[in-house]
Each structure stands twice: as structure tokens, then as C-alpha cells.
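So the sequence lines, in the order shown, correspond to chains W and R. Mapping to my numbering: the first sequence position 72 is 88, numbers consecutive. Mapping to my numbering: the second sequence position 4 is 8, numbers consecutive.
Heads up, some of the hints might be wrong.
Calculated from the model, a selection of chain W residues having no Cβ within reach of chain R, i.e. all distances over 12 Å [as the list claims (entries may be wrong)]:
#, residue
1, 88
2, 89
3, 92
4, 94
5, 95
6, 96
7, 99
8, 102
9, 112
10, 174
11, 204
12, 222
13, 231
14, 232
15, 255
16, 276
Which stretches of chain W does chain R cover? Using the computed rule of at least three CB atoms under 8 Å from a CB of chain R, they are [as the list claims (entries may be wrong)]:
#, stretch
17, 50-63
18, 104-110
19, 121-130
20, 136-145
21, 155-169
22, 177-183
23, 281-290
Straight line, CA to CA, 30 Å or less: simulated BS3-like cross-link-like pairs of lysine-lysine [said to hold, decoys possible]:
#, chain 1, residue 1, chain 2, residue 2
24, W, 108, R, 288
25, W, 141, R, 30
26, R, 240, W, 141
27, W, 168, R, 240
Derived by calculation from the structure, the hints in this document are not laboratory data. Source: prediction; values computed, not measured. Here a beta-carbon is modelled for each residue, glycine too, at the ideal position from N, C-alpha and C.
Chain by chain, the residues:
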Amino acid sequence: MTHLNPAWLHKKPAASSKHHSALSSHERIFLWFSRFVIWLVMILSIIPLWFVAEASFNPSNAYFSVSLFPIHPSLYNYQYLFQHTQFFIWVKNSLIVSITVATGQVIITALAAYAFSRLRFWGRKYGLMTLIILQMFPNFLAIAAIYSALAKLNLINDLWAYILVLLGGSAYNIWLLKRYFDSIPRELDEAALVDGATPWQRFTRIILPLSLPMLVVIFIFTLMGAFSEYILAGTILQTPNHYTLGLGMYSLISAQFAKNWGEFAAAALLSAVPLTIIFGLLQRFIASGLMAGSVKG
Amino acid sequence: MAQAEITAPRSEHPKPKVSRQRLREKPVAYAFLAPALITMALISLAPIGYTIYISFTNFDAFHFMEYQFVGLQNFIALFNPNDPLSGVFIPTLIWTFAFAIITTSVNYFVGLVLAVLLNNKNMREAPIYRAILIIPWAVPSLISLLAWQGLLNHSYGQINGFLHLLGIPGVDWLGNPFWARISILMVNLWAGFPYMMTVCLGALQAIGPELYEAAAIDGANRTQQFRYITIPAIWKMTLPLVIPSFAFNFNNFNAVYLLTGGGPPRPTNQFAGYTDILASAAYKMTLTFNKYDWAAAISVVLFIIVGILSWLQMHYTHAFEESDIS
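Next up, chain R with everything else stripped away, as it sits in the complex (with noise of 0.2 Å):
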């Protein structure tokens, strides 16, 4: 076949061949594809699907076979300051922004200071630092998060007993509304920053030298090549792993629930705690309250604020465009 080709008028161009097995694997494609689309499409796009007309009815213990259509009015509840449910909804919103910027602020900071310090070359043991804080990370969140609930507890908390050690009075680590909301800020940091660290050492390590020799030639000192070379490129590195780390967060289910089950509870409303993020909130009207319609409202707005996050991780990481060019 390559005789054929040779002999062609266009010699220089091989492509009709290729153009053509290319052709012909566009049924394999799809068979390689089939397991993906079936589980997603049944799995997740169906139930997304499901959720989005849930919300628009009146779906609850009540009317669990016979619900209706209701349009607007469970949005319109989130939303209008007049009704109970926004009582609960806009706090729990807010409380849900705070808790995802944060978390993802400090954990990258902190990760970042690691790195940072872990990249010194006069540094010959960092590899047995960064063995030893990768732990964190590496114990499942699941088994870390309950352990501090247990470690953070009033009564037989090691924490609250090492305080008294100290002679300093024990704190209501979870039962207080700011205490709990500080003890999941401090425990999600625990839990976060190795995988921070990870991320800003990979990207630290990828720095070609080239550029701080240049910088030195031109009399640049450590600071200012610190300024203008090493942050602006971890910040460009990491930023298409730290929009979906705050994607994440936003729903970090376990952070929240596994610590503190959304505790403490608000006295003027059953259904969302004081650290309950949207997430759980959600969880809770479903299990606990059978609330299906107002869960399902509340993963709407969740789809459309996460919705938003991946096109602002599109845009600005270029990602999309980089995958269609090969």
C-alpha cells in the first residue's frame, strides 16, 4: 500500500488512507464509548433529569404517588424572605459559600507554604517531610472525619482533655454554632492541605531552571524571582485543579455532615443546622423529612451555581480548546 501511495499525485499527502481507517473506526468508537454513555446517561443524567421536575412539584410523604405539578411556587419559597424556607435556605446559601471559599483558600495557602519551603534544595530530608504530611490525606476522609468528631467531643474529646491539661476550660467544640463552624474550617484543613501541598510541589518542580537563571542574569534577588516567576506560574499550574477543588467543596457532603450531622440545630428551624451546608440540608429533607420536592429545588440551584463554576474552569484554563486540537 505504500507503493500506492508513492505512485500518487499528491505523495506528500498520505492522508485519504488515514481519513478512511478513521472512517471506518467510527462505529468502534462508539462501541468503546457504550459503557460510559449507558451508566452515565442512566445514572446520572436521568436522575438529573428526575430531580429537575421534582422540583417543579409538590413531591413529599404526602403526595408520594399522586404529586403535581406546581411550577415555580418551591424555587419561589427558596427565594421570597417572606416565607419560612427562605428562613433556612439563604443562611444555609451564605454558610455554603463561606465554608467552599475558606476551605479552599487556606487549604491551597497553607499547601502552598509547604511546598514552598519543602522545595529547598539545602533541604536533603524534605522527601521524608512530605512522606510524613501526605498522611492526612491518606487516612480515608470518611474514618479522619468521625475520628475528630469523637476527638472534638465535649465530654471524652482528647482535644477538650489535652485543654484541661493545659488548665484552659474545655470548649463546646460542636455544639456551639461559631465553635462548630470553626472546628469544620480547622479539621477540613487538617484533612486538605496535604493534597495542596502535592499539587503546589508538582507544579513548583515543573519550573524550568532556564528562567531563574535568566532572572539572576538580570539581577533579579530571591524575592523578586519568587514574585514574578514562581507565584504567577503555581498560580497558572494549579488553577485547573483549584477551581474544581472549590467545585467540590461546595458539596463536600462528608466535611460537614460525617463532623458535625449539620449540628447544632437552629431553634427556629427543623430542617437545616447551623453548619448544614445546601448538601446536606438536602440529605436531611429527603431522609428526615421526606421533603423530596424542596431537596430536589435545592439541587437545582446547587446544578446552576456548580454549572457556573465549570464554565468560569472552562474559560479561564482553556481546557476545551486544548483537548480539540490533538
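Only chain W is shown next, with the shape it has when bound in the complex (with noise of 0.2 Å):
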């Protein structure tokens, strides 16, 4: 099972250094072709951001303001944003919703993937089955459902309503956990079940410290996933002062006669920022956990 383990990941390429005086010249051709595509993508990739970084310093919603930097730089748009908006509000509805729900669903799904890694029971093989078929079928499509439901126990416009139905969506983390769990040398479970430990003390003490990474990522992915869910929150969140940072931000821009998108810009600015540098750090462990799901020999 060593192909299941992620530290290939972190593998770095091959010493080169001794070889690279001696590249043909048709390698380095493609050596200045490879990095030319690269940075002409890179650049596509970052001068949207920097236009976003722009217009939130920029006190007018000027037309056309086309500059790589703006001209008469203010914080009047950030200003604006904790003054005349409720953005505090929605980060604060935010929070609660993804941190609740990742905590919520690192929980449940550890706990599950366990069963399905370690433990043999009845209904195991149909249950792993429901599984890959429900990571298929995100719960929003059962909208109607939900909504009508949720409206006849009067509990639209809730936001504790809201984090119950995210928590029902944990089919994938379960899968992408089940394998992680299964690409832990089963030796290590073994010599404590000779010793006498209880499945409870088997998955604390030995699983649990050793997916660390994989529960940070998959707290990381259900939090952004929280974060940026929208089709539900717009369903169930309807007023102002129950929105979610998305449903805010959405009114922000897409309000009939206010385009607000000096103060959007500002608003995704402080909230972008703080995610992707996290999401950042941790990259490393995502592309492994992804790879240690997918991979077989």
C-alpha cells in the first residue's frame, strides 16, 4: 500500500542541479517555451484579483477606471462597507454557519469512515454503496423539498435550521476519509487489538492522531464549502439580518439601483484574503488527500 502514501507528494523533482549546464539546446528551448505559457497564465490568472484589489481603494465607481493602480487611493469604500451595510453581521452569520458545520462534520464523518475502514457489521457493503451514489447528489437538489418542508414547520428564515441541513451532506467526506483511513498500515490497529484495546481507544488513539492532516483538510474544504454555499442560504435565509457574507455580497452587486462595486470589492477583499491564505498553507495536504482517494495500484 506504499503508493497510498501521500509523502510522494512532497517528493522534490529530481536532483538536477548537476545536469543543468548540460541541457540540449532543444530542452531549453523547451525550458523558456514551458515558462513563457506559464507566466502569460499566470498573469490571467492574477490581474482579475488585482482589478478587484484596485476598485476596492477606489473612491469613485468610476467608469472605465482602468489603472493598475488607483489614482486617488481611499478607504471611503471599507468605510462605507462598516457604516451603511450590515457586513459585520453577515461574516458573524458566516462564521457561525462553517465553523459549526465543519466542526459538526469532521465529527460525524471521522466517526463513520472509522465503521467503514476498520469495522466489519452487517450493511456495510450496501452502505458504502448509498454513500458513493449520495456524494453524487448534493442535498440542494432536493430544494422544493426542503423549502416547502421548512416553510410548513416555520422554520424559513432560520439560521440554525440552515446549518442542520449543511450537516446532512457528508457522503464525500466520508469516502475521501474511509480511504485515508485505509492507507494507515492496518499493523498498527492490529498490535492493539492483541493488547486488548477497544475500538474506541483504537480510533482516538491511533487513527485520529495520524489523519490529522487529512481532518484539517476536510475541516478546511467543509468550511469553505459552507462558506460559499449559496442555493440553500438563498432559500431558507430571506431577510437582511439573517444573510449569510454570500447572500449580502450578492445584494450588494446585484441590487436593482445600487451597483455597488467599489464596496462588493472591499467586502471580497477582507473576506477572500484570510481564506485563501489558508487554503494556501495547507495545499500540500489537499492535493495528497485528493491523490491518497483516487489512486490504485
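Put the two chains together into one complex, using the hints given.
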């Protein structure tokens, strides 16, 4: 099972320094061609984000204000955002939702993935099959049913009803984590089994510590997913003081008479930068987690 | 206990003990599964069942409390060419397929090309490029898609402003049916290629060097090695992630709704705009028009299509068989 070990992803490319001076002209041309293509794609990837950052410091929602740096930079948009919108409430709601859902998902997922990976029980085979199928069905497809059921229960506009609905979509995470648990050598918990460790002890003392990086990845994945969730939020949360950040920002930019592009850009920068940095730091784990779930011998 | 086994008649098989242990584990297993089982049954399976039921009723704003079973009427309306509803359903279904196929394949292709270019051992600064190229994926999709809505705006967006600088007349990116679709595909390429690139890079680095060495001894050149070793190996490893990615794009509500809101609207039909995919059409039918019956029927069609995809995934990747060996 060594091919499932995520370590290979961190391997540096084979030492090349001693060959570097001996590149053939063919290889050198290809190298520079590759660099040219990559630089082009990098510029195209970054420019739009730079435009957003620029707009956030540009006080006028000016037409065709295209410059690499704002001509009269100011914090006006940020000031407006804090004073005249419910930005803080939206951020608070989004934080409550995404942290609660991510924590809940990690707990639910780890327990279920452990059972599927290490324990044998009646229904395991069909349970796994159900998981594969369920992971393909996002629960927002049942939006008409969810909306009408919540309307009848008088739970529309309730943040906790929304959180509960998001907690239901754990199939993909269970599947991902089960594969990761499978890659942890079985000899470890068999040794513990011989020593008389209960399933709970094997779970908390052996499996959980060894899979901490993957648990963090699932936490962040779910956090980002809940943060970016729009369709169920738009269905359940209906007044601005219950909005999550997504709904609030959509209302900033899409409201009929208020094209608050500058304020929107400020909000985007404030909320995207922390998440982007976290994601960047965890990217290696994410890559290895994804491949651990798919590579086979 | 170990001694007892050594003296037992078939000492090389200490199995009875383990299976007894496992027998005792069975109730424990259900305890571990309980939170997932309860939430999934309550919040995933029950609404799916309810959706299927609604799709056979006339449940809408006028029949909110007393709706009746109407059989296949909603499905017939979706597919019957003489029914006005099919006039919006069929084109939306075609666009949903087109969007999912084009987005997934173009993203995969661009991601693969970049991964191959980055996997050059002579490019020692490749990790830096990789970190920069991953940024569009790292920005929460909700924010980047809404930001693109602003950037592509006809009057104040900076994309048109940039074209203006170059002396090119602005394009009505989100207001013209053709350009709105092009915009959606471009923005989703921007947001989606880093994922495919990461997946392909992982697969590339997992190919053992022995294969290439053997091929080089046999006299295969670089192009042949790429064609006969790299491509098949990557394809085999990434397929289990490409099919779910297609299924994801098939229902990628955010990718459409946050950019265009499904618009521009069709003059002939209010229920779905030119860029609406089925998921966003179902959302509008639920929230804007309170046509729960049609929304449910569309969802059931989506369930069936995605179900076929799941089956294909299981069939081609043997995900299921592998999981059962252990």
C-alpha cells in the first residue's frame, strides 16, 4: 500500500543541478517555451484579482477606471461598508455557519469513516454503495422539498435550520476519509487489538492522531464549502439580518438600483484574503488527500 | 491467550479469536455510524424521497396545503414538445450538458498541459509557479464568481474598460445570450483549471521512473514515452476524479447563478434564462415562482442523470470492488 502514502507528493523533483548546465538546446528551448506559457497563465490568473483590489481602494465607482493603481486611493469603500451595510452581521453569520458545520462534519465523518474502514458489520457493503451514490447528489437538488418542509415547520429564516440542512451532506467526506484511513497500516491497530484496546481506544489513540492533517483538510474543505454555499442559504435565509456573507454580497452587487462595485470589492478583499491564505498553506495536504482517495495499484 | 492458541489443534489460524472480537464489534460499528446515519437519513434521504413524491403532485403556490397526486403529468409536460414547459426544459437540459462537458474537458485539458509543463525537472522554480497558479482555486468560488460579475459588467466593469483602452468596443458580456455563455465558460476555466492541474501533477509524480527507464532502453523517444506511458497512466489515475467533477459541474449552481443569475432572460419564457442550468432553473421555480412540482420533477430528472454517472464511475474505476477487498 506504499503508493497510498501521501509522502510522494512532497518529493522534490530529482536533483537536477548537475545536469542543468548540460541542457541540450532542444531542452532549453522547451524550458523557455514552458516558462512563457506559464507566465502568461499566471498573469491572466492574477490580473482579475488585482482589478478587484484596485477597485476596493478607488473611491469613485467610476466608469472605465482602468489603471493598475487607483489614482486617488482611499478607504472610502471600506468605511461605507462598515457604516452603511450589515457586513459585520453577514460575516458573523457566515462564521457561525461554517465553523459549526465544519466541526460537526469532522466529528460525524471521522466516526463513520472509521466504522467503514476498520469495523465489519452487516450492511457495510450497501452502506458504501449508498455513500458513493449519495456523494453525487448534492442535497440542494431536493430544494423544493426542503423549502416546503421548512415552510410548514415555520423554520424559514432560521440560521440553525440552515446549519442542520448543511450537516446532512457528509457522504463525500466520509468516502474521502475512509480511503485515507485505509492507507494507514492495519498492523498498527491490529497490534493494539492484541493488547486489548477497544475500538474507541484504537480510534482515538491511533487513527485520529495519524490522520490529523487529513482531518484539518476536511475541516477546511467543509468550511470553504459552507462559506461558498448559496443555493440553500438563498432558500432558507430571507431577510438581510439573517444573511450569510454570500447573500449579503450578492445583494450588494446585484441589487436593482445600487451597483456598489467598490464596496463589493472591499468586502471581497476582506473576506477572501484570510481564506485564500489558509488554503494556500494547506494546499499540499489537499493535493495528497485528493490523490490518496484515487490512486490505485 | 496466546498460549491457548499455540496448543490449539490448528494453531496457524488464530482466526476464531478475531472473528469473535469482530462479532462483538458489530453493535459498536453502528454506534460509530449513528450520527452520520441519522443526519443523512433525515437531511439527505428524506428530502430526496419527498422530492420524488412532490414530482408526482400538483404542489404549487395555489395548492400549498391541499395538493393532489397527478401521476406523470409533470414529466410529460417537461418532455412533450407540444407543452410550453418543454420549450424551456429541453434547451436548458442541452445547455446543462454542454456546460458540464465543455467546462470539465477544457479545465482538464488546460490543467493537464500546465501540469506537464510544470513537471519539468529543469524548471527549478516550478514550486513558485505552482503556488501562484493555485490562487484562483483558493479564492472562495462565491467571491470570485461575484467579483467576475462586476469585472464583466457592461458599463463599469474593468474588462470592458481594458478593451476600451485598446480601442476595442465593449462587449455586453452578461447581457447577450452568446457572450453570457462564453463568459460562464471562461470564468469557470479561470476558477477550475488549478484543481485539475493539482490532480494531474499528483498523478504525474506518482508515475515511477522505472517505466521511463525501461522505455528509454527499448529506444522510445520523449514523444513516444509521453504518448504511451504518461497519458495512459495519468488518465487511469485521474478518471476517478474527472467523473465526479463532471457530475459536480452538472449541478454547479454557483458557477451559473452567481455570474449571470441565469440571465439574460428568454423573451418567450419567464422560467429559465439563456444561461440557466437545470439546478438554477429549479431554484428559480421554487423561490420565484413557487412551482414546487416542476422544480421537483426537474430534480428527479437530475437525480436520474447523476445516478447514471455514479454507476459509470463505479463501473469504470472499480472503486467499489476495491473497497470491499479489505
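Hints and how they fare:
Against the 12 Å criterion, residue 88/W stays outside the reach of chain R, whose nearest CB is about 17 Å from its own CB. Annotated as non-interface, residue 89/W keeps its C-beta farther than 12 Å from every C-beta of chain R; the closest such distance is 16 Å. Distance check for residue 92/W against chain R: the nearest CB is about 16 Å away, which clears 12 Å, and the non-interface claim stands. The Cβ of residue 94/W sits about 16 Å from the closest Cβ of chain R, beyond the 12 Å cut-off, so the non-interface label holds.
Look at residue 95/W: its CB is around 19 Å from the nearest CB on chain R, clear of 12 Å, so calling it non-interface holds up. The Cβ of residue 96/W lies farther than 12 Å from every Cβ of chain R, with a closest approach of about 16 Å, so its non-interface assignment holds. At roughly 21 Å from the closest C-beta of chain R, the C-beta of residue 99/W stays outside 12 Å, upholding its exclusion from the interface. Its beta-carbon lying about 17 Å from the closest one in chain R, residue 102/W satisfies the requirement of being farther than 12 Å from that chain.
Residue-level check passed: residue 112/W sits 17 Å from the nearest beta carbon of chain R, beyond 12 Å. No Cβ of chain R comes within 12 Å of the Cβ of residue 174/W; the nearest lies about 14 Å off, and the non-interface call holds. Residue 204/W, annotated as away from the interface, keeps every beta carbon of chain R farther than 12 Å; the closest lies near 15 Å. Separation of residue 222/W from chain R is adequate, the least Cβ-Cβ distance of about 15 Å exceeding the 12 Å criterion.
Distance check for residue 231/W against chain R: the nearest CB is about 15 Å away, which clears 12 Å, and the non-interface claim stands. With 12 Å as the threshold on Cβ separation, the claim that residue 232/W sits away from chain R holds: the shortest Cβ distance comes to roughly 15 Å. A cut-off of 12 Å between C-beta atoms confirms that residue 255/W is not in contact with chain R; the least separation is 14 Å. Chain R draws residue 276/W into its interface by the beta-carbon criterion, the shortest separation being 9 Å against a cut-off of 12 Å.
Counting residues of the stretch 50-63 of chain W whose beta carbon lies closer than 8 Å to any beta carbon of chain R gives 9, which reaches the threshold of three, so the coverage claim holds. Residues of the stretch 104-110 of chain W lying with their CB closer than 8 Å to a CB of chain R number 0, which falls below the three-residue condition for coverage. By the rule of at least three residues with a Cβ nearer than 8 Å to a Cβ of chain R, the coverage given for the stretch 121-130 of chain W holds, with 6 such residues. Check on the stretch 136-145 of chain W: 8 of its residues sit with their Cβ under 8 Å from a Cβ of chain R, so the three-residue criterion for coverage holds.
With 11 residues carrying a beta carbon less than 8 Å from a beta carbon of chain R, the stretch 155-169 of chain W meets the three-residue requirement, and the given coverage holds. Check result for the stretch 177-183 of chain W against chain R: holds, 3 residues qualifying (beta carbon to beta carbon below 8 Å, three or more required). Requiring three or more residues with a Cβ within less than 8 Å of a Cβ of chain R, the coverage given for the stretch 281-290 of chain W holds, as 4 such residues are present. For the suggested pair residue 108/W and residue 288/R, the alpha carbons sit about 27 Å apart, so the restraint of at most 30 Å is met.
For the hint pairing residue 141/W with residue 30/R, the CA-to-CA distance comes to about 14 Å; that is within 30 Å, so the pair holds. At roughly 24 Å between alpha-carbon atoms, residue 240/R and residue 141/W fall within 30 Å of each other, so this suggested pair holds. Of the supplied pair hints, the one linking residue 168/W and residue 240/R is violated, its CA atoms being roughly 48 Å apart against a limit of 30 Å.
Checked against the numbered hints given earlier, this structure breaks hints 16, 18, 27; the rest are met.
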